[in-house]
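Protein chains: 6
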Amino acid sequence: MVFVTRKSHFNAAHRLNNPNKDEQWNNDIYGKCNYPNWHGHNYTLEVTVAGEPDPETGFVIDLSRLKKIVKKKILNPCDHRNLNTDVPFLEGIIPTSENLVKAFFKQLKDDVEAASPKGSVLYSVKLFETERNIAEYCPYKTI
Amino acid sequence: MVFVTRKSHFNAAHRLNNPNKDEQWNNDIYGKCNYPNWHGHNYTLEVTVAGEPDPETGFVIDLSRLKKIVKKKILNPCDHRNLNTDVPFLEGIIPTSENLVKAFFKQLKDDVEAASPKGSVLYSVKLFETERNIAEYCPYKTI
Amino acid sequence: MVFVTRKSHFNAAHRLNNPNKDEQWNNDIYGKCNYPNWHGHNYTLEVTVAGEPDPETGFVIDLSRLKKIVKKKILNPCDHRNLNTDVPFLEGIIPTSENLVKAFFKQLKDDVEAASPKGSVLYSVKLFETERNIAEYCPYKTI
Amino acid sequence: MVFVTRKSHFNAAHRLNNPNKDEQWNNDIYGKCNYPNWHGHNYTLEVTVAGEPDPETGFVIDLSRLKKIVKKKILNPCDHRNLNTDVPFLEGIIPTSENLVKAFFKQLKDDVEAASPKGSVLYSVKLFETERNIAEYCPYKTI
Amino acid sequence: MVFVTRKSHFNAAHRLNNPNKDEQWNNDIYGKCNYPNWHGHNYTLEVTVAGEPDPETGFVIDLSRLKKIVKKKILNPCDHRNLNTDVPFLEGIIPTSENLVKAFFKQLKDDVEAASPKGSVLYSVKLFETERNIAEYCPYKTI
Amino acid sequence: MVFVTRKSHFNAAHRLNNPNKDEQWNNDIYGKCNYPNWHGHNYTLEVTVAGEPDPETGFVIDLSRLKKIVKKKILNPCDHRNLNTDVPFLEGIIPTSENLVKAFFKQLKDDVEAASPKGSVLYSVKLFETERNIAEYCPYKTI
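Chains as they are written, first to last, in my numbering: chain A, 20 to 162; chain B, 20 to 162; chain C, 20 to 162; chain D, 20 to 162; chain E, 20 to 162; chain F, 20 to 162.
It is possible that part of the hints are untrue.
Claimed, not checked - Below, computed lysine to aspartate or glutamate pairings styled on EDC-like, alpha-carbon distance capped at 20 Å:
no. : chain 1 : residue 1 : chain 2 : residue 2
1   : A       : K40       : C       : D73
2   : C       : K86       : A       : E132
3   : D       : K86       : C       : E150
4   : B       : K91       : B       : D130
5   : F       : K125      : B       : D130
6   : B       : K91       : B       : E110
7   : E       : K121      : E       : E110
8   : B       : K86       : B       : E42
9   : E       : K90       : B       : E150
10  : C       : K90       : C       : E132
11  : B       : K51       : E       : D81
12  : A       : K40       : C       : D81
Because the hints were derived from the structure by calculation, they are not lab data.
Please model the complete structure; the sequences and the hints are all you need to start from.
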């Protein structure tokens, strides 16, 4: 099994706030991530596809196609945007890194697998909110 | 002459917009950096002090004091904040990286030089808005 | 399953030496890592927790709580210390990266899992001794 | 189970081209990677071995022995070479990252496992063609 | 004076060889960089412009214009190309990093300065051939 | 003027302590850097040479010769050593980064300039003690 990863970047504003909770709860849980006027990040996104290399091309997936899918489905809607207010597929989702990787995986899965040779799968989506805070969604790793 | 540099990080939202110009001008000049609902960055800040090491301590400046000054004067007001609306010393300043490094230098100069042995100076302030876009203010480098 | 990772740093001295073996054996096995007067590293530590995001907070684990646990259990005892002589929980352990990740995992497991929503687990501990030499302990990855 | 990783670097030229296909096919599939006069990369290679640390040494594998094996089996034949024309063990292989990690794994497996304490295995080979394009071969991760 | 830097990347093949010298001389001087079938690098290029920020835009130079100039004048002719054989403006130049930064500076200067507000200058061109080998051309730094 | 830089790494133990001062003074000035049983760092060293490229070789200095000089004069005596007790040329020097860059510059200057074409000079020595704490000695940059 070979795993190929495409790394990309986008810059966005966000704020952590659960609108179903009061301000006290939000401050207790989210601290400065709950500041009302937003903050932002240079997000780094890693998308990994798993499969067997095609014998004719040597590709698990053509990375230039993967790059285009990531651009269309994630970067175009998210880059230089506000993740709380501007991105249709994130509506109603608190933009923690955990929730973002699950939403991005769902957003990418069909297009990525349609562009892959038979049997390749979207394996994981990993997001670096900062150098130090990272989240990954991978339905194939278990505990 | 020895140059010591302390690197730090903060995350903030901003938007590039000159309120004295109309929306057409702002879109032409700033493109997606002018999107109305903000975006943001993981800023990396490098502050450099130049001088001769003190013979007793071996320090140009005690980096733990420099760290505290940077925290008090830059990180506390800017981290997890909106650079257009939340930071008193940036009021009226369009938060391009060029303008930020000039404002940060002015904000730091007196405290840094008061904490340095005689003759040391604040040499430069460098800001990485992203890995690829960088600005530096240094009054001692000439063309 | 979502995996969240918190990265941190500490600086420490160490030396590789098995006191139950003679100097010849130690030199043969450890080479310059056995030099008697110590050497040291900027260690980078990655702690990963696996679980389902809590529906109210969107967190697998509150990273600010994880950060505090790592600080209390690992960074405070190890940072700017000698791993052979100064750290109670490493007593009797040769501080290879392999042994360190196992000891760190054991040191973190209870506190991390007590701070996590039901069902989240400490998934792995990864240590970069240098940019090029890395060890990871993960009881959930098998061969 | 502990996983130890050794990172190394080499610089090489290559070109993506399937000689059994015509130029039109190659241009469609490989684009600028098919340019006739070669291009090249600073490749970063990560080799990971999995096992239990030896109780006497604290090593899963002596990283200085692993370093020598990687140098002999991969770096010496590949560094500053043309991957399409100069490397005997890559003959007949289109040097995509996917094909390279499979070939490197095969090239390393016997020597690495002979140098490891009983029960340790070559776990994975990961290759960074650029910062953004990465491939990994790991027979132990499944989907 | 404010200095703004735009970082970019390209991948290319090259070989160090002085065609006016015999093979013995070339092997003695260039070693494995003289191997006949080329090798290559992921080059990182930093282009720095110095000037005063424009009061209306806050820009020393519009980085999106600088990005386009670098793409047109350097990346398009060099990326995925052979620097010895494919790039018209490098004809007759041995592609050491030192020679490349001088050639790139010359190639960029007029377009960059035409796109800058009055008084801004192309300050330096810096090239990372690898993480460890770097060259910079800057006519304004003196010894 | 072209500037070429060679980056290298070494790992060492050290402690900040002025033996002419009492323990109270040392604790006040150096804090945890004064802990008695040493700590350590992965040091990154950048050595920069300035000059005109030689017309026949295209080199300001042959980087493989520079690499050998840095290895002989700095890495061999310092790597895996204790900077306070093991390095003859650092005897009597408190190993702050500021003092180290001055000592390293002095240690390198004659050999580097003897290996350079006429007119090239050792321009600067820069030392990263950590990612965040950096010192540079450059006699050609002024304030």
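Please list, smallest to largest, the hint numbers that this structure does not respect. 2, 5 and 8
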